[in-house]
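If you're matching them up, the sequences are chains A and B in order.
Residue 236 in full-length UniProt numbering sits at position 236 of the first sequence, and the numbers go up by one each step.
Residue 252 in full-length UniProt numbering sits at position 252 of the second sequence, and the numbers go up by one each step.
FYI, nobody ran anything at the bench for these hints, they're computed from the structure.
Among these hints, one or two may not hold up.
Given that identical chains are not distinguished, each listed pair holds provided it fits within a single copy or across any two copies.
When the alpha-carbon atoms are kept at most 27 angstroms apart in a straight line, the in silico DSSO-like pairs for lysine-lysine are as follows [unchecked claim]:
hint : residue 1 : residue 2
1    : 269       : 237
2    : 269       : 210
3    : 155       : 19
4    : 200       : 155
5    : 178       : 14
6    : 97        : 308
7    : 98        : 41
8    : 41        : 237
9    : 295       : 237
10   : 308       : 198
11   : 308       : 122
12   : 200       : 14
13   : 41        : 308
14   : 210       : 198
15   : 269       : 39
16   : 200       : 156
17   : 269       : 198
18   : 308       : 98
19   : 200       : 19
Fair warning: this is a prediction, and the values are worked out from it, not measured in the lab.
Protein chains: 2
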Amino acid sequence: MASEGEGAVELRNKQVTLKHHVSGFPSETDFELRTSSIKLKVPEGSSGVLLQNLYLSADPYILLRMRNINDPNHYFTSFTPGSVLGRVLDSRDPKFKKGDLVDGEIGWEEYTLVTAPETLSKIEYTDVPLSYCTGVLRLIGLTAYVGLFEICAPKKGEHVFVSAACGAVGHLVGQFAKLAGCYVVGSAGSKEKVDLLKNKLGFDEAFNYKEEQDLDAALRRYFPQGIDVYFENVGGKMLDAVLLNMRPHGRISVCGLISQYNTEPEGPKNLMQIIYKRIRMEGFVVWDYTSLYPKFLDWVLPHIREGKIFCIEDITEVKSRENRN
Amino acid sequence: MASEGEGAVELRNKQVTLKHHVSGFPSETDFELRTSSIKLKVPEGSSGVLLQNLYLSADPYILLRMRNINDPNHYFTSFTPGSVLGRVLDSRDPKFKKGDLVDGEIGWEEYTLVTAPETLSKIEYTDVPLSYCTGVLRLIGLTAYVGLFEICAPKKGEHVFVSAACGAVGHLVGQFAKLAGCYVVGSAGSKEKVDLLKNKLGFDEAFNYKEEQDLDAALRRYFPQGIDVYFENVGGKMLDAVLLNMRPHGRISVCGLISQYNTEPEGPKNLMQIIYKRIRMEGFVVWDYTSLYPKFLDWVLPHIREGKIFCIEDITEVKSRENRN
Numbered sequence: 001m002a003s004e005g006e007g008a009v010e011l012r013n014k015q016v017t018l019k020h021h022v023s024g025f026p027s028e029t030d031f032e033l034r035t036s037s038i039k040l041k042v043p044e045g046s047s048g049v050l051l052q053n054l055y056l057s058a059d060p061y062i063l064l065r066m067r068n069i070n071d072p073n074h075y076f077t078s079f080t081p082g083s084v085l086g087r088v089l090d091s092r093d094p095k096f097k098k099g100d101l102v103d104g105e106i107g108w109e110e111y112t113l114v115t116a117p118e119t120l121s122k123i124e125y126t127d128v129p130l131s132y133c134t135g136v137l138r139l140i141g142l143t144a145y146v147g148l149f150e151i152c153a154p155k156k157g158e159h160v161f162v163s164a165a166c167g168a169v170g171h172l173v174g175q176f177a178k179l180a181g182c183y184v185v186g187s188a189g190s191k192e193k194v195d196l197l198k199n200k201l202g203f204d205e206a207f208n209y210k211e212e213q214d215l216d217a218a219l220r221r222y223f224p225q226g227i228d229v230y231f232e233n234v235g236g237k238m239l240d241a242v243l244l245n246m247r248p249h250g251r252i253s254v255c256g257l258i259s260q261y262n263t264e265p266e267g268p269k270n271l272m273q274i275i276y277k278r279i280r281m282e283g284f285v286v287w288d289y290t291s292l293y294p295k296f297l298d299w300v301l302p303h304i305r306e307g308k309i310f311c312i313e314d315i316t317e318v319k320s321r322e323n324r325n
Numbered sequence: 001m002a003s004e005g006e007g008a009v010e011l012r013n014k015q016v017t018l019k020h021h022v023s024g025f026p027s028e029t030d031f032e033l034r035t036s037s038i039k040l041k042v043p044e045g046s047s048g049v050l051l052q053n054l055y056l057s058a059d060p061y062i063l064l065r066m067r068n069i070n071d072p073n074h075y076f077t078s079f080t081p082g083s084v085l086g087r088v089l090d091s092r093d094p095k096f097k098k099g100d101l102v103d104g105e106i107g108w109e110e111y112t113l114v115t116a117p118e119t120l121s122k123i124e125y126t127d128v129p130l131s132y133c134t135g136v137l138r139l140i141g142l143t144a145y146v147g148l149f150e151i152c153a154p155k156k157g158e159h160v161f162v163s164a165a166c167g168a169v170g171h172l173v174g175q176f177a178k179l180a181g182c183y184v185v186g187s188a189g190s191k192e193k194v195d196l197l198k199n200k201l202g203f204d205e206a207f208n209y210k211e212e213q214d215l216d217a218a219l220r221r222y223f224p225q226g227i228d229v230y231f232e233n234v235g236g237k238m239l240d241a242v243l244l245n246m247r248p249h250g251r252i253s254v255c256g257l258i259s260q261y262n263t264e265p266e267g268p269k270n271l272m273q274i275i276y277k278r279i280r281m282e283g284f285v286v287w288d289y290t291s292l293y294p295k296f297l298d299w300v301l302p303h304i305r306e307g308k309i310f311c312i313e314d315i316t317e318v319k320s321r322e323n324r325n
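Let the hints inform the model, and build the full structure from the sequences given.
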């Protein structure tokens with residue numbers, strides 16, 4: 001349904017917006033599906049870029065951004081999702097031309113007029129699946145890389161544990177740690193995920209935390225000599241069990257605490273282990289490390305091209321799109 | 001009561017020993033006062049050193065060592081106190097001669113025959129009070145130095161918070177941070193301690209945590225712009241309040257969690273702040289840093305000689321000693 005108007009084709013633009021800040025689990029009623037229209041031309045006088053959005057990445061952390069954040073020291077502000085990969089349809093910015101593939105943080109919609117094109121990055125490598133550009137090749141991959149290598153610096157042969165190991169970040173962390181020569185164990189929440197970790201992703205071991213009565217005992221089984229590096233995605237009881245099983249001078253990189261997002265937080269009772277074992281526990285936010293992105297790409301692209309990294313993707317295609325180019 | 005026997009004077013040696021491992025608070029009945037005798041001569045064939053013990057330092061961490069510790073990864077083993085400063089009475093080790101002042105980890109007794117003299121260190125500086133050698137000039141001081149400078153690396157002008165700020169380590173941490181040009185606030189448990197911190201030890205501010213209904217509000221009052229460095233001695237509710245008030249990229253050095261030693265541990269509920277604020281939290285044990293001792297002495301001795309560091313000492317003199325030299 002394209003219509004001509006003031007010299008430019010007008011396209012229907014479906015958008016998903018957030019009606020209000022979310023508390024607890026989000027539900028469909030927190031969102032609104034709107035249809036507006038957008039001109040297939042960057043307005044004169046603007047230096048913007050018009051994108052057709054191809055992939056939108058829905059990441060767990062987005063839930064936190066849908067909440068009401070009042071803290072000025074907070075590293076992000078409340079917003080609607082998300083990270084988008086799109087194709088340039090029109091541009092008045094000399095750095096982008098029609099047909100370029102770019103990614104950036106944009107709304108959840110079919111087309112976007114980006115008025116601050118400096119927030120976009122051009123995708124220069126096209127010999128890998130395009131969808132990887134919202135995952136392993138962008139913030140998700142950089143998160144795994146930074147949390148593992150910059151925060152924890154695992155040495156060859158060290159013992160690495162990853163929770164939520166089948167998650168967007170976790171499944172990369174485990175594979176990155178294997179590439180660094182570590183012994184790697186992951187936890188996940190179903191038999192299928194555990195099988196995937198062991199049989200497809202090359203983890204040395206994996207277990208279903210829901211089937212373990214005693215997480216401490218489970219970790220002792222897989223790490224009789226203790227854990228050197230823990231990539232923390234979940235928090236709560238798992239963190240408590242990990243603290244008991246850390247080796248002296250262990251490192252914990254805190255990427256997420258997803259078990260705590262929707263419940264009354266459970267503080268770890270075994271914090272004394274931080275002293276006994278001289279543990280370093282460090283939270284990080286990938287946006288602080290974007291300067292490492294080129295270094296990360298140099299490291300990860302060859303591994304991807306050689307088929308050494310397997311990416312789990314869960315892609316939902318929006319079939320109702322009418323205005324496809 | 002000295003008696004001659006096989007060519008050597010024999011001295012009465014009062015000893016305090018631990019009867020059994022302690023659980024919860026220690027009480028007098030956990031200890032036994034024994035009287036034995038010791039010869040005022042290192043036996044032939046031994047390469048030991050005989051000490052008259054002058055000062056014994058009773059530190060909070062000793063409580064933890066009085067408990068039953070079964071973890072082979074643990075940084076210390078169960079034992080009886082303590083850190084002792086003594087004078088050499090006789091020696092068959094060429095590195096020590098009669099009259100030398102030494103310190104080391106010895107039993108709680110009047111005299112000790114040290115059969116492994118390599119565990120002793122000679123005290124080379126005698127122009128400062130001798131008792132400082134069990135405190136600011138030894139492990140206590142090194143603990144404050146390492147936890148503040150090595151773990152947290154405060155920059156001039158940064159905002160430092162110290163809990164248990166009138167404690168053996170805490171009162172030094174605050175003064176060291178002032179010497180480094182920081183803004184320093186301490187918490188303590190009585191009006192007298194708060195006055196001492198503000199009027200004698202040079203803290204910028206101090207408060208009595210027992211009088212605060214809301215620790216978060218108290219910290220916001222003293223740190224409207226947030227805390228860069230927290231020297232953690234207490235844990236529990238204070239840690240939770242601190243996490244809410246940390247600045248981005250704040251550092252927490254975990255020296256002790258004394259609020260947790262005798263109760264069911266209270267885990268911090270605000271751990272998400274570790275991510276939001278990119279906080280680094282690191283436990284440490286001073287024994288890992290003994291190689292820094294000479295560097296520490298070079299730094300601290302001039303400040304002590306110039307009267308820039310005030311040491312709180314709580315000395316109990318054992319009056320019943322009969323065999324004093």
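Hint numbers contradicted by this structure: 3, 5, 6, 8, 9, 12, 13, 15, 17, 18 and 19
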